[in-house]
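There are 2 protein chains.
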Amino acid sequence: MKIPTGLALNLLHRCSTGTLATHSIALPGYPFATTLPFATDSHHRPLFLISALAEHTRNLQGDPRASLALFDPDALHAENAARLTLVGDVTRIELDDATRKRYLRYQPQGERYLELGDFAFYRLEPRRIRLVAGFGRMGWIEQDTLHALPELDADAETARLATLPVRSAICGIDRFGIDFLSDDTRRRTDFAGALDDDALDDALARLTF
Amino acid sequence: MKIPTGLALNLLHRCSTGTLATHSIALPGYPFATTLPFATDSHHRPLFLISALAEHTRNLQGDPRASLALFDPDALHAENAARLTLVGDVTRIELDDATRKRYLRYQPQGERYLELGDFAFYRLEPRRIRLVAGFGRMGWIEQDTLHALPELDADAETARLATLPVRSAICGIDRFGIDFLSDDTRRRTDFAGALDDDALDDALARLTF
Numbered sequence: 004m005k006i007p008t009g010l011a012l013n014l015l016h017r018c019s020t021g022t023l024a025t026h027s028i029a030l031p032g033y034p035f036a037t038t039l040p041f042a043t044d045s046h047h048r049p050l051f052l053i054s055a056l057a058e059h060t061r062n063l064q065g066d067p068r069a070s071l072a073l074f075d076p077d078a079l080h081a082e083n084a085a086r087l088t089l090v091g092d093v094t095r096i097e098l099d100d101a102t103r104k105r106y107l108r109y110q111p112q113g114e115r116y117l118e119l120g121d122f123a124f125y126r127l128e129p130r131r132i133r134l135v136a137g138f139g140r141m142g143w144i145e146q147d148t149l150h151a152l153p154e155l156d157a158d159a160e161t162a163r164l165a166t167l168p169v170r171s172a173i174c175g176i177d178r179f180g181i182d183f184l185s186d187d188t189r190r191r192t193d194f195a196g197a198l199d200d201d202a203l204d205d206a207l208a209r210l211t212f
Numbered sequence: 004m005k006i007p008t009g010l011a012l013n014l015l016h017r018c019s020t021g022t023l024a025t026h027s028i029a030l031p032g033y034p035f036a037t038t039l040p041f042a043t044d045s046h047h048r049p050l051f052l053i054s055a056l057a058e059h060t061r062n063l064q065g066d067p068r069a070s071l072a073l074f075d076p077d078a079l080h081a082e083n084a085a086r087l088t089l090v091g092d093v094t095r096i097e098l099d100d101a102t103r104k105r106y107l108r109y110q111p112q113g114e115r116y117l118e119l120g121d122f123a124f125y126r127l128e129p130r131r132i133r134l135v136a137g138f139g140r141m142g143w144i145e146q147d148t149l150h151a152l153p154e155l156d157a158d159a160e161t162a163r164l165a166t167l168p169v170r171s172a173i174c175g176i177d178r179f180g181i182d183f184l185s186d187d188t189r190r191r192t193d194f195a196g197a198l199d200d201d202a203l204d205d206a207l208a209r210l211t212f
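Taken in sequence, the protein lines are chains B and A. According to the numbering used here, the first sequence is numbered sequentially starting from 4. According to the numbering used here, the second sequence is numbered sequentially starting from 4.
Everything labelled a hint here was simulated from the structure, so no lab data went into it. No false leads were mixed into what you were given.
Which residues of chain A face chain B? A partial, calculated answer using Cβ under 10 Å: (1) Arg86; (2) Asp92; (3) Arg133.
If we take Cβ atoms under 7 Å as the criterion, some of the chain B residues that face chain A in the derived model are: (4) Thr22; (5) Ala24; (6) Gly32; (7) Tyr33; (8) Pro34; (9) Phe35; (10) Ala36; (11) Thr37; (12) Thr38; (13) Arg68; (14) Ser70; (15) Ala72; (16) Phe74; (17) Arg86; (18) Thr88; (19) Val90.
Keep in mind it's a predicted model, so treat the numbers as computed, not measured. The C-beta atom is built at its ideal place from N, Cα and C for all residues, glycine as well.
Extracted from the complex, chain B is given alone in its bound form (with noise of 0.2 Å):
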């Protein structure tokens, strides 16, 4: 079936929260799931904050191919909820200023394990996305798919966030919504597919708080 890219996206940003499978060190030929906080970069990418003495840290470095699994955080049942694997390479990144400040205001608590020393970002890349939006309704979404995304850069994103009146709660900006924090949850609000610059401040200017 035709797999709706807008579902897919929606759920990457409104999860705080997934499942990383690594290949695992400590147990040669088995596959490691560890769960842990995440945000997404402006193209859609998750990063994420781990310590070099965690598990999947270890394995990362030993392997880097890994899959990503979201499940909707306000669904009760795994069987109706709409959920996400990302397939890819998970591999050590700098972050530039502008996105490390994304996913500061994403995961505020990162603040803390960038002091401790032995934290450092890393960054999984796509190959596929197999979304599965209900019972019997599922597909994948290949990396061509993901890669022609507009994209709304981190600076772009920077400075709109400078012009909103009241931005306390916005985490991020992108062509396909706004993502808040509302009481330690991340929300989003989806915009009709994807908006260019004009249409993109005209919805940032309608914003209520």
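Go by the hints and put chain A onto chain B.
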């Protein structure tokens, strides 16, 4: 550090869904993570009722090596929450009648899947369990420790369930605690350690509803 097995059992029994990492067939060499419902058998081993059409099932048929990540369902933030990874082999199994009924008390919607015909039971036989009890508190529980846990077998459990005056909300009884479904959420009453038959019957007699 010495890892408290009781804490691991508590988390294992309070989770109704987990994320299973398998070896991907669609993307060879990559681990694949998917979220799905589960329940435990009388040896605290996770049981899954999964479709032959699902990605994870096809992956398991190719390679049984897997791991299951669990995350405290009552915790808001991944970094403080207790979490667990069970690493082991997941293979198809025919359940005896008492264990099948136990599964369906925990996951009542499983009745519908069994009628569809392409669903079957699989069981995770843990080799090691990784417990992260909180920031900096982590360690492994070995298979020997798990095998040494005293069992309440499914028939003994069924007999005890039959003695309880009101049992509609009770999913399961083991020597370490009692599991309930309350408003579609799994809850657990923990004992202080493993109970023998007499102590267990005393505990059940004192249950209030």
